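Q: Given next are the chains, with one letter for each unit.
2 protein chains.
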Amino acid sequence: MTKETYLELREKTLDYFSRAHIALTSAEEDAIEVADFGLDDVMRTGLESIVYINTDRCCAKEMVLLPHQTCPEHLHPPVGEDYPGKEETFRCRMGTVYLYVEGEATEDRCAAPPAGDEAYYTVFHEVKLEPGEQYTLYPGTKHWFQAGSEGAVVSEFSTHCYDEYDIFTDTRINRIPTIE
Amino acid sequence: MTKETYLELREKTLDYFSRAHIALTSAEEDAIEVADFGLDDVMRTGLESIVYINTDRCCAKEMVLLPHQTCPEHLHPPVGEDYPGKEETFRCRMGTVYLYVEGEATEDRCAAPPAGDEAYYTVFHEVKLEPGEQYTLYPGTKHWFQAGSEGAVVSEFSTHCYDEYDIFTDTRINRIPTIE
Ligand SMILES: [Zn+2]
Ligand SMILES: [Zn+2]
Chain F
1 MTKETYLELR
11 EKTLDYFSRA
21 HIALTSAEED
31 AIEVADFGLD
41 DVMRTGLESI
51 VYINTDRCCA
61 KEMVLLPHQT
71 CPEHLHPPVG
81 EDYPGKEETF
91 RCRMGTVYLY
101 VEGEATEDRC
111 AAPPAGDEAY
121 YTVFHEVKLE
131 PGEQYTLYPG
141 TKHWFQAGSE
151 GAVVSEFSTH
161 CYDEYDIFTD
171 TRINRIPTIE
Chain S
1 MTKETYLELR
11 EKTLDYFSRA
21 HIALTSAEED
31 AIEVADFGLD
41 DVMRTGLESI
51 VYINTDRCCA
61 KEMVLLPHQT
71 CPEHLHPPVG
81 EDYPGKEETF
91 RCRMGTVYLY
101 VEGEATEDRC
111 AAPPAGDEAY
121 YTVFHEVKLE
131 PGEQYTLYPG
141 TKHWFQAGSE
151 GAVVSEFSTH
161 CYDEYDIFTD
171 TRINRIPTIE
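Chains as they are written, first to last, in the working numbering: chain F, 1 to 180; chain S, 1 to 180.
You can take every hint at face value.
No farther apart than 20 Å at their CA atoms in a straight line, the calculated lysine to aspartate or glutamate pairs in the EDC-like style are these:
1) S/12 - S/33
2) F/61 - S/133
3) F/142 - F/126
4) F/61 - F/29
5) S/61 - F/133
6) F/61 - S/130
7) F/142 - F/102
8) F/128 - S/28
9) S/61 - F/130
10) S/128 - F/28
Example chain F residues on the side facing chain S (calculated, C-beta under 7 Å, incomplete):
11) 21
12) 23
13) 24
14) 53
15) 57
16) 58
17) 60
18) 87
19) 89
20) 131
21) 157
22) 159
None of these hints come from the bench; they were simulated from the model.
Being a predicted model, the structure only gives us computed values, none of them experimental.
Backbone N, C-alpha and C fix where the C-beta goes; we use that ideal spot for every residue, glycine too.
Next comes chain F alone, as it looks inside the complex:
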């Protein structure tokens, strides 16, 4: 991702947080993360977030998805002997988010994988989250999510977040962003 793209998406993210009435410190505004997952197509496959806290035991983040932007399919594996994997609760704050999890595929789904990337999406049980609605994912469960046409702001409450160990179905993915 270029620095220019990063700055443009950071501005959009701050606008979402402002419209959701979510206050950030200026240090947090400067620390907004824009992930393109190494696919270099961030408006389609990407995620914007700010990590509030990430201790050994707890993590909380606020995330933004642009209209129809997708966080690609992944799961959170055990890490080492003592960490059974990340548990996460997604709570929608603004907009609509379509979350796809393991289980019976929903017919007539509201969202679809990014065109051309269908091979990397394998779970299709749909959970629609509108403001105030939430869903909890336990470790080892594949999931992906996409915003509706107005984008979305989503809180995540979880155990410790080790992004670098997440397992993506799309083996082209590189979770840790590089900004040129």
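Place chain S with the ligands on chain F using the hints.
A: Same frame as chain F, but now just chain S with the ligands:
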């Protein structure tokens, strides 16, 4: 607490959440907790909250404090062999909250314990939290907090919450509310 008091404080709590643009489901609206800590003086010593999630590993809540309302001094002890005690991060969303923790007593403090209850407050290091600001408390640390004159909305991100094991400095306190 009488049912009438509960319903009145629940309405006030919903008004704070509405002004903070925090969406709840109708089931959550019905499940608002009003704690008077058994002191029967809830406008002075009390706390309103909704628990979003409380699994074995993670907990997230949204709390409301009315103007100058105080959550009394307590700490979170270890529970059993495997739980080192609750870790919690308070993040102010609206209004101002004054948090008091162990450490050097702050001079010219902005808040004071409820009049007549001074004997039950022993830590006076002040942390002022305004919207977007947060503070993390590790287990075994005494703390109490009070809203400023406009009340406050505060998110809590924590490990599992066992309210019933919290240790209050004020031994008159009964954490689990009874509604007559
Ligand atoms: Zn995940
Ligand atoms: Zn506490």
